[in-house]
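This is what each chain is made of:
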Amino acid sequence: MNKNSSNTMALAPNTSNKRETVCIFGTGDFGRALGQKMIQSGYSVVYGSRSTQMSNLIPKDAEVLGHAEAAQKAAIIIIAIQRQHYNFLTPLAEVLRGKVLVDISNNLKLNQYPESNAEYLAQLLPGSKVVKAFNTVSAWALQSGTLDASRQVFVCGDDVEAKQMVMNIVRALGLTPLDKGSLLAAQEIENYPLQLFPMWKFPIFLSLGLTAFFFLYCLALDVIYTYIYENNNFSFFIAITIPNRVCPVMALILLALVYLPGIFAAIIQLYRGTKYRRFPDWLDKWMLCRKQLGLIALAFASLHAVFTLVTPLRAFVSWRTSKGIISQALNNKTEPLNNTNAWLSDSYLALGILGYFLFVLLGITSLPSVSNNVNWREFRFVNLGYLALIFCTAHTLVYGGKWFLSPSAYKWYLPNIYILSLIIPCAVLVVKFVLIFPCVDKPLTKIRQGWERKPKYSE
Amino acid sequence: MNKNSSNTMALAPNTSNKRETVCIFGTGDFGRALGQKMIQSGYSVVYGSRSTQMSNLIPKDAEVLGHAEAAQKAAIIIIAIQRQHYNFLTPLAEVLRGKVLVDISNNLKLNQYPESNAEYLAQLLPGSKVVKAFNTVSAWALQSGTLDASRQVFVCGDDVEAKQMVMNIVRALGLTPLDKGSLLAAQEIENYPLQLFPMWKFPIFLSLGLTAFFFLYCLALDVIYTYIYENNNFSFFIAITIPNRVCPVMALILLALVYLPGIFAAIIQLYRGTKYRRFPDWLDKWMLCRKQLGLIALAFASLHAVFTLVTPLRAFVSWRTSKGIISQALNNKTEPLNNTNAWLSDSYLALGILGYFLFVLLGITSLPSVSNNVNWREFRFVNLGYLALIFCTAHTLVYGGKWFLSPSAYKWYLPNIYILSLIIPCAVLVVKFVLIFPCVDKPLTKIRQGWERKPKYSE
Amino acid sequence: MNKNSSNTMALAPNTSNKRETVCIFGTGDFGRALGQKMIQSGYSVVYGSRSTQMSNLIPKDAEVLGHAEAAQKAAIIIIAIQRQHYNFLTPLAEVLRGKVLVDISNNLKLNQYPESNAEYLAQLLPGSKVVKAFNTVSAWALQSGTLDASRQVFVCGDDVEAKQMVMNIVRALGLTPLDKGSLLAAQEIENYPLQLFPMWKFPIFLSLGLTAFFFLYCLALDVIYTYIYENNNFSFFIAITIPNRVCPVMALILLALVYLPGIFAAIIQLYRGTKYRRFPDWLDKWMLCRKQLGLIALAFASLHAVFTLVTPLRAFVSWRTSKGIISQALNNKTEPLNNTNAWLSDSYLALGILGYFLFVLLGITSLPSVSNNVNWREFRFVNLGYLALIFCTAHTLVYGGKWFLSPSAYKWYLPNIYILSLIIPCAVLVVKFVLIFPCVDKPLTKIRQGWERKPKYSE
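Chains as they are written, first to last, in UniProt numbering: chain A, 1 to 459; chain B, 1 to 459; chain C, 1 to 459.
Worth flagging that the hints you see were computed from the coordinates, not collected in a lab. For every residue, glycine included, the Cβ atom is placed at its ideal position computed from N, Cα and C. One thing to keep in mind: the hints can contain errors.
[To be verified] For the chain C half of the interface with chain A, some residues (derived, Cβ under 10 Å), not all of them:
1) I58
2) I326
3) L330
4) L337
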């Protein structure tokens with residue numbers, strides 16, 4: 001591997017404050033922003049450009065030369081031009097031999113080209129050392145100095161020294177390099193900025209849809225029905241009462257939906273007698289977004305908790321309370337303590353608190369920094385989800401139980417929202433209970449762990 | 001260092017989608033799961049096996065050959081066999097020369113063998129480059145695609161290039177490699193999956209034991225005593241009232257237990273006049289699980305907070321409130337505002353809130369990602385624990401103070417739970433207060449920082 | 001690159017438990033603490049010292065020799081002496097050639113010397129391989145085994161193999177090495193322990209000052225005024241009522257101050273017509289501490305939430321409630337439900353809950369481990385701050401609205417605290433609303449993204 005002299009020179013660390021010279025091909029947005037930032041950090045910057053005229057756009061203190069002359073001045077060349085113009089670099093192959101080329105490009109679509117831009121560049125210029133970097137940094141954030149978002153810069157490349165040089169520049173700009181390995185990782189790095197919450201889309205749309213449905217359902221039963229048949233204007237229920245009915249229902253359903261795919265998977269594996277066949281596509285996708293479903297469920301549960309705790313502060317509630325007390329006082333009687341009521345009220349509160357507590361624990365263990373510190377055996381141990389589901393279902397059952405049989409719960413012959421919310425959780429718990437039985441659990445464990453399977457596999 | 005040709009070939013990055021060939025020795029659980037995953041990720045997989053017959057278990061598209069032929073086909077060989085069979089590899093030493101061997105094995109017990117499996121493998125085959133990896137990944141999680149737990153794969157090895165190759169495979173499988181350095185780290189990596197919350201065991205058992213004791217204590221005094229002597233059935237206290245007495249007591253005691261070992265250490269260091277002798281074993285262990293004790297205390301404090309906030313929603317409490325109001329109304333008199341009561345109630349609430357607030361801050365700084373961003377000087381600065389302990393003790397004193405002297409607090413001649421809970425915190429605070437005095441603090445600081453000590457050290 | 005034999009030997013991994021020999025120059029605090037720790041971890045330690053007498057301070061099992069003899073025994077020499085004495089090392093240059101020198105020094109002030117200590121050492125001894133490490137670890141924490149703070153050890157150096165050797169030692173001591181790249185990073189690493197919450201200073205002082213001001217303001221209006229003119233002793237308001245007025249005001253103002261600099265920046269960029277000129281210094285600094293301002297605002301908002309939820313538990317509140325109910329009962333009348341009141345109370349509670357919920361989401365995304373997992377597009381998407389500001393301002397407006405016009409709100413002709421708190425948030429929201437208009441937004445976007453600017457730039 002022959003290194004030309006300028007390269008070797010750049011590899012030697014400069015202990016003086018003056019840093020090496022970096023060349024930037026392209027004077028577009030990102031090229032200019034990066035150049036200015038590098039000048040501020042003590043680098044000398046040379047732009048390589050077709051026309052060397054447009055000097056008022058270029059940061060001061062930067063030189064603008066033709067591509068070949070600019071490239072000769074530096075060991076590192078940042079390619080701030082678009083992929084479709086890469087082929088103009090092929091005539092420069094000799095000048096760029098042994099140099100470090102930094103590919104900063106992004107695509108407009110996921111997997112737009114068969115190979116990543118950086119790999120394409122490496123194929124065009126096999127004598128150069130291509131490093132992928134900076135593509136997740138926005139020009140605007142770089143320039144304005146307001147890097148709110150992640151300061152991480154993903155770097156990958158096949159040449160370790162070239163990568164080190166680029167990572168040093170990243171550090172000098174006040175950013176944090178993250179080595180993603182060889183140039184094979186470029187595809188992943190290039191796809192990264194194009195993804196918007198890839199795993200969150202389905203859970204968010206699902207919960208938005210369900211929330212809207214349950215909100216309208218409650219609105220019809222609690223506000224409109226009451227207004228029509230009882231002539232009471234409870235329109236202010238929209239602010240707290242109805243949200244506080246929708247939130248727990250959503251939390252419970254979403255929590256059950258976290259465990260439902262596992263149930264399906266177990267049934268499918270039991271039926272097929274093997275775990276070596278892929279699950280249907282919808283089940284695969286569902287299983288991959290369970291964590292997101294769980295976190296949204298936690299958000300709903302938290303809102304439910306706050307909405308509930310706020311109850312005694314509501315004007316409506318204090319009015320209702322005083323009305324009750326005054327009517328007792330005017331009738332000159334004091335109701336004795338209803339022990340059953342005390343039990344019911346205390347136990348559904350306690351169940352809810354415990355369920356929520358376990359839920360929050362689950363949420364904390366899902367924080368990346370915590371879950372990275374938890375090994376696999378520990379993870380299964382703290383996987384308290386089912387216990388949380390049991391507590392939350394019991395909480396709803398104890399609270400909503402009285403509505404099941406009372407006819408007033410069936411306004412317009414529609415079931416109360418509590419009854420709807422219990423269908424999926426109860427189904428999950430019942431099937432899970434069946435799956436725990438030894439006669440079902442043993443073959444399942446064998447299929448999963450012992451890798452046993454029914455004779456047929458040849459299909 | 002001689003590299004054979006296949007190795008060099010594999011080191012060259014393949015920019016095409018087709019990835020290099022990997023060989024797996026052993027067709028057990030993990031070997032098959034890993035092979036299937038690798039085939040899905042674009043690798044060619046060759047299994048090395050004694051018998052080349054059992055093809056229905058092996059993933060499709062994989063080849064099965066004898067060990068020597070399989071090894072020749074690839075630069076990386078994954079050793080998916082158990083340590084006790086490693087010696088059968090010695091005859092293959094010549095074939096494996098210069099190859100990268102990936103040791104994925106685990107042991108059944110901590111420190112089962114004098115050296116780690118990977119180091120043993122490296123001793124057996126000194127001509128090969130051994131890399132430790134994948135041992136923390138479960139075969140089941142790999143296979144089912146449901147990697148709930150940490151996606152981190154610890155990698156260590158003496159050869160940097162070999163490690164890079166393995167880390168690239170890890171990345172290609174969608175996992176995150178974490179370089180743990182040379183093969184010396186293999187022992188630690190192999191012990192990792194065998195530990196189940198190593199630091200949590202003692203704190204969890206201690207708090208379970210104490211919780212059970214205090215629960216029964218409260219049950220006896222608040223439910224059974226009341227039932228026997230006052231003929232009131234307050235059994236529903238089990239749900240909220242008693243937990244809400246036990247939780248704050250546990251939180252306070254555990255928080256004090258976080259700071260107690262530091263007190264002991266200071267006294268021991270003062271007594272010995274040196275810090276160069278080891279603390280007794282129990283103190284060492286206690287000091288190592290202080291963070292865990294603190295987090296459990298935080299959990300109890302959080303439960304206490306929620307149980308308290310839920311108070312106005314309880315049927316029993318609203319019954320008690322209305323009874324009080326109705327009796328006032330029936331007697332035609334309004335009690336004036338008791339200013340002392342207002343002060344006491346507001347100040348214990350405020351003290352509790354501030355103590356809890358500091359407590360939560362401490363909990364947040366203990367999150368790995370936060371504490372990694374805090375340097376040592378900052379850490380001592382935000383070490384607000386003593387302030388939290390002072391606030392929480394004061395909160396309990398103001399709240400429980402009235403019970404100290406009233407004889408009704410001594411049912412069955414037993415002290416109230418509040419009095420029990422205050423013993424350790426008060427002792428810690430008093431001793432800490434003494435330790436702050438200059439005449440005590442100065443020698444202690446000298447011992448700790450100035451490394452001074454009393455003449456004797458020669459024993 | 002010539003390696004002497006002792007070095008090569010040390011590079012070969014020792015698979016036996018006995019680790020290599022390490023030399024430590026200097027027998028001060030840190031040198032002794034590190035030596036003892038290394039001996040405990042299985043290393044042989046040789047001290048290099050001018051006098052070889054002071055053996056009672058030195059950890060047992062360590063050898064003490066002259067500098068040259070000690071250095072010859074090991075491939076790694078830890079330089080535990082102060083920078084001002086580094087020049088005594090120059091005569092040893094020949095002995096130290098090819099050795100790994102670990103610079104562990106710290107300075108007393110930020111940027112005390114033009115170059116970092118490690119770079120200075122590398123200049124003095126160009127034949128040695130200098131690695132910076134261990135400077136963020138405290139001798140006391142090392143020695144006492146109670147490494148409460150971060151276990152991260154920042155390592156940097158120009159020689160990759162030397163760095164690997166040092167990182168292996170770091171790992172063997174139970175610490176976590178973090179590779180910060182070449183020796184250029186030494187300056188940053190040396191400055192690190194000297195910074196105490198660099199970004200937190202201004203936000204903390206600002207909020208302390210504002211809190212004190214608003215507390216006294218409330219004290220004057222709510223306690224002193226009431227005492228003088230209405231002869232009511234509401235001194236207990238100090239505990240909860242006044243904090244619960246100051247906290248929401250502080251939260252709202254600080255949240256608005258998070259977004260105010262962005263508004264200023266937009267106006268300045270619009271006025272200048274370019275984004276290539278630096279913002280004034282105060283604006284730069286302000287923008288850099290926005291996250292900290294936001295987190296403090298979140299702390300105030302959390303305190304406000306807890307103080308509010310605790311309301312029904314206060315003796316004063318339950319006295320006020322019963323007084324109201326009793327007076328109704330004695331007058332034999334039941335007030336009907338005031339629908340407007342119910343709407344107002346429910347909607348300000350709901351607005352507050354939603355605002356706080358968004359606020360907490362923002363706080364969670366600011367956790368380092370979460371924000372590292374969020375890419376730039378996602379970050380802009382979850383940047384829900386303005387929505388939180390709108391909700392919180394609306395919450396205050398609905399709650400405090402009734403005070404605007406009532407004359408009783410102007411005690412001593414001073415406006416109520418709610419009115420003061422709304423000035424900045426409303427101003428921010430109004431200007432932001434103007435900035436959203438296409439006629440303003442388009443040129444701003446062009447300036448920021450399209451890099452267009454007004455003709456003049458030559459000044």
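>> Please list, smallest to largest, the hint numbers that this structure does not respect.
In response: 1
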